[in-house]
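Protein chains: 4
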Amino acid sequence: MIELGRNRYGKAQIHVVRVARDPGGHRVRDAIVAIALEGDFAAAHTDGDNTLVVATDTMKNTAFAFARDHLDGSIEAYGRALAEHFLEFEQVDRATVNVREHRWQPIAVGGRPARDAFVRGGAGTRIATVAATRSATTVEAGIEDLVAMKTTRSAFKGFPRDRYTTLAETDDRLMATKITAIWRYGSPDLDFDSTFEAVRRTLLEVFADHDSPSVQTSIWIMARAILEGHEALDEVRMVLPNLHHWLVDLAPFGMTNDGEVYISTTEPHGLIEATVRRSEGA
Amino acid sequence: MIELGRNRYGKAQIHVVRVARDPGGHRVRDAIVAIALEGDFAAAHTDGDNTLVVATDTMKNTAFAFARDHLDGSIEAYGRALAEHFLEFEQVDRATVNVREHRWQPIAVGGRPARDAFVRGGAGTRIATVAATRSATTVEAGIEDLVAMKTTRSAFKGFPRDRYTTLAETDDRLMATKITAIWRYGSPDLDFDSTFEAVRRTLLEVFADHDSPSVQTSIWIMARAILEGHEALDEVRMVLPNLHHWLVDLAPFGMTNDGEVYISTTEPHGLIEATVRRSEGA
Amino acid sequence: MIELGRNRYGKAQIHVVRVARDPGGHRVRDAIVAIALEGDFAAAHTDGDNTLVVATDTMKNTAFAFARDHLDGSIEAYGRALAEHFLEFEQVDRATVNVREHRWQPIAVGGRPARDAFVRGGAGTRIATVAATRSATTVEAGIEDLVAMKTTRSAFKGFPRDRYTTLAETDDRLMATKITAIWRYGSPDLDFDSTFEAVRRTLLEVFADHDSPSVQTSIWIMARAILEGHEALDEVRMVLPNLHHWLVDLAPFGMTNDGEVYISTTEPHGLIEATVRRSEGA
Amino acid sequence: MIELGRNRYGKAQIHVVRVARDPGGHRVRDAIVAIALEGDFAAAHTDGDNTLVVATDTMKNTAFAFARDHLDGSIEAYGRALAEHFLEFEQVDRATVNVREHRWQPIAVGGRPARDAFVRGGAGTRIATVAATRSATTVEAGIEDLVAMKTTRSAFKGFPRDRYTTLAETDDRLMATKITAIWRYGSPDLDFDSTFEAVRRTLLEVFADHDSPSVQTSIWIMARAILEGHEALDEVRMVLPNLHHWLVDLAPFGMTNDGEVYISTTEPHGLIEATVRRSEGA
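Chains as they are written, first to last, in the working numbering: chain A, 2 to 283; chain B, 2 to 283; chain C, 2 to 283; chain D, 2 to 283.
These aren't lab readings, by the way, just hints derived from the structure by calculation.
Do not take every clue at face value.
If several chains are the same, the list does not tell them apart, and a pair holds so long as it fits within one copy or across any two.
Computed cross-link-like contacts, SDA-like style, restricted to lysine to any residue with a CA-CA straight-line distance of at most 25 Å [unchecked claim]:
| hint | residue 1 | residue 2 |
| --- | --- | --- |
| 1 | 179 | 281 |
| 2 | 179 | 35 |
| 3 | 158 | 104 |
| 4 | 158 | 22 |
| 5 | 158 | 48 |
| 6 | 179 | 90 |
| 7 | 158 | 212 |
| 8 | 179 | 164 |
| 9 | 179 | 229 |
| 10 | 179 | 169 |
| 11 | 179 | 126 |
| 12 | 158 | 13 |
Build out the structure end to end from the sequences listed, making use of the hints.
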C-alpha cells in the first residue's frame, strides 16, 4: 500500500515593495514573501480534487493586499497577519509565512536624509518566519548573509591527527564567515523591530570581542550571550561557514608574510551549525 | 540555564574529479561532496576543547584520498565508504555524506565517443546522501534541477474563490517545473547506478504521460508510479515549483494567441512539496 | 563643454516561449531576448524630450508579437525580423537583437519522443546577435557555457620564469574550460540551424582530437578548423577560461596519484581570448 | 588565408585580502583582481611557442606579492603598480588590471570601532581598471551594483505610440535601478580615494535631487553634474537598468492603491547606457 505523507504547498518569491508617503519623508519596505499551507489536502493529491486548494495565485494577491495595511510596521507583524488570515480557511491546519527584507536607506543630501530617494544596502538580510496553527503562533526571526571577519584572536589547535590530517595547528588565524542566526521568540507579541536591532548588536559585539578557539565555541559564546541578554528569545540557531583565508607563502619571492596577505576562498568551506537554547527545566 | 541543542559540523563544496584512465577510453567522475558529523562535540562548543574535533580539513583530505579507490563506481558507494570511515572515530554518532554529481559525456568524433575528451551536460543533477550510525546506514538518492514542461494536458480548476481570488479556471495550461525528487532506499546494498537510471526513466515517462489536474496530483501520480515500479524504494519526496508561463495577450496587436506565445517567469512561483511512501502496515 | 557620447537603450531579459502545436508533436522554442536601439536620441538625454523614444515596454510587446509569426524557425531569423522592424522608426540608426536559446527536447517514452512533454538541457547555450542598420544587417552566432574537458593531450611548458614564477612545466595536464565561441556570418541569409549544428560539431571534434600545447594554441587550432570547414563564417572569437584542476598530493596519505584525483576549482582562473579571421586580402 | 586577430590573456578572480595590523586598529583590503596582457603573442597561438607566454599562474603570484607592498593605499595605485610591472616584459604592449573592492567596516562595539573585527557591506562595489602601455597609463574608476530608488519625481510620457504600444503615460512612477558608473581620469596620479568618495557623493545627491523625465535624462543630469563638479574626470559612462516596480491593481479586492504597493520585478528590464564627456574642443 502506498500513502501520502507530509505535504505542503504555497507561493514563493513574492516581491512586495510598500511605500509610505509621509510628507516629512517616504519610507520603503521591501519584502520577499513565501507562504506555505498544510492541512486537509490529501484529496488534492490522490483524487485531483481542488475543492479545498486555495490557489497559490490567491496567496500572492493576498500578500499584496495585506501589504497595504500591514507592511508599515515589522515584517513579523505582516507575516503574522498573513498567516492568521490563511487559518480562516477550515482546511488549513498550519500556515507558514517567511519574509526576507531588503533595507533601503535614505540617501544623504547635504548631510540630511533625502525625502524620496533611497539606496539598498547594509550588512546581512533580516528574515522572519511566522507559523500559525489553531493552537499557537510561533515567530522566528534572524539574519542571513552577514559576512564578518576577525583578523586575529582566532585559533584552532589541539584537534586529533590521523592518517589524513595535514592541517597545522594555529594560535592566530584570520576567521571569516557568513553568519546565519535564527532565533525563536517566546511570544508572538513583541516590539520586533527594536528586539531585532538589539540582538543584532549583541551578535556583532560578541563576535568582535571574544577570543575564538574554534568556530564551534564562537557559536556557543555568541548564542549564549544573545540568550542571556534578551529574555524574549528561547532559542538561537546559528550556521557559520568557515570561509577559509589562507596565508599566502611569499617566501619563494623573497618576502615575509606576517599575517598580511591572504587568499580568500569559498570552496571548500567548513560548515558549523548548532542550536543553543534555554533548558526546559529552567 | 542555557544549554547546547542539536549541532553538527563538517566540510562542504569539496569538488573532486576522478579520472579512470582505461586504455579503451577514459571515464570522468565529478562529485561535489559535503560531509557532516554529529556526536560527542559538546565540549568543543562549551569548553573550547578540540580534543575530539576531527578537523574539517581532514575531512576534505579524506574525501580526496577515498576518491582514488572508491569513486569509480556509484556515488552512493563512495558516500557510504566515507560515512562509515568517519564512524571509526568513537566520538562520531552519525556521519552524513552528500554527493552531487555532474555528468561528463565523451564527445562524439566521427560518430564514435572520444577516448579522452568530454562535455558536461545533461538534464538534472544526480544526488545521493548516505547517513551512517552504529546501528544503520541509510541511503537517499535522487535528482535536482530537472527542468521539464508539459505543453498540454495540464489543468487547474474547481479551486475555491475568495475576495482575493482573480485566477481564471483553466482546462489547458502549460506546466513547467524544476523537479527535485529524492527517494530513500530500503537497503544500503544495491546496484545504485542502474536503479537510478530506471527510476529517472519512470519519473520522466509518467511526467510525460499523465493528465495533470494540479501539481499536487502530478506529484502523487509520479511518486506512486515510482514506488510501484521500484521495490528498492521506500519513500519518494518531491518538490515541484510551478514556473508560471503566462499566455501573452496579443489581442491589443490584433493577433490571436491559441496557446502559442507565453512569457516565462520565475518570480513569484508556486511551490508544491509532498512525500509519498509505502504504508507502515504494508 | 560637456557633450553626450555613445548611447543606446533597450529591453533585456525578455523571456519568450513559443509552442508550435503540430498534431504529430509539439515543438518548444525558448528565447531570452535583448533589444537595443541607437540613433537620434540626444534630445531624450539632454532635453527630457521623449518624442522619439520608443518605449522599452513597446520593444517587449513587439518581441512577443513577433514570436508568434517568426519564432518557429531559427533564432537568427527571429532576431533579424525584430531588428529590421525597429529600423522602420526613422530615428533608429542601428537596432541590435540578441537571443539566447534554451533547448527543450522531447521526453523519451517507451523509446519514442513524447508528443507534448519536454526536458530542458544539453551542453551549452546557443546565442545569436543580429545588428541591422540602413546599409547592412550582420549576424553573429555562437555558443556559450559549453563546459568541456580533455583528460590528456594537454601540456604547458617552455614559458618564461621570473622571480614570481612557481608553476612547474607539464607534459600532461587535465584541461577544463567553459567555451564561449562567437562567429560572424558573411551573409544574413543562411540556413542558420544546420550551419550552427555543423560548426558546433567541428568545434567539439577538434577540441577532442587536437594536442594542446597551451589554451592559446587550442583556440587557434579550433577557430582555424572552423573557418576552413565553414565558408559561411568570416571570423570566430573564442573566450576560454582555464578552469584549473590541480592534481591532489596524496603522498602524505601513502598513496600515489597518477592522474587520477583532482581538485576542481573556479577561482582564480586563466582567461584566454582571441579572434581568428579570414585575411582581408584573401 | 586565415589570420590571428585581436587577442589577450590573463588571470581572473584572484581574490586578495590584505590586512594592515596597526596597533591602533587593523585595516582590511579585499580585492578581486583580473590581469590581462596584450602584445607579441602570435607565436603562442599559431606555433604553440610558449617562450614569451608569462604564465597566468605567475600573474596570480605577482598579484599576491604586490599586495604586500602596494595594497594599503588605493586600488588604483595597486592596479597601476601591477600593470606597469607587466610592461617590464618586452613582449607586453598593454597590461590591463581590473580590481573590484569589497568594503569591510569595523564593527561598532559600545559605540567605538572594533580593533580587529569587521563586517562586509555597503551599497555598491568600487572598481578600478588601469591600462598601461609604453606611451600612457589610463585609469578608470567607478561603482557597480549600486541599487537605488526614487519613490517619486520620476515620469515617462510623450513617447511615440505604435501598434505594439500599450504602456500608459505617467507623471509619477517609482524608479529603481542598479547603477553602474565608470569614469575615466585625466591623470594616473591623483588622490583616488578622496576623489572616488566625492564623485560617489555627487552621483547619489543628484540622483536624489533631480526630477526625472526618463532614465536617459537622469543619466545626462547625473553624469553632467559629475563632470562639472570634478575636474579630474574626462568622461563618465553609465549603465542603468530600469528595474520595473509595477503598481499592483488592488481594485479587485476593493482597495485603493495610491502609490503604496508595488510588485518588484527584475525580468524583463529596461537597459539604458550612455557616455557623457568633455568636448574635445573644450
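- Unsatisfied constraints (hint numbers, rising): 1, 3, 6 and 8
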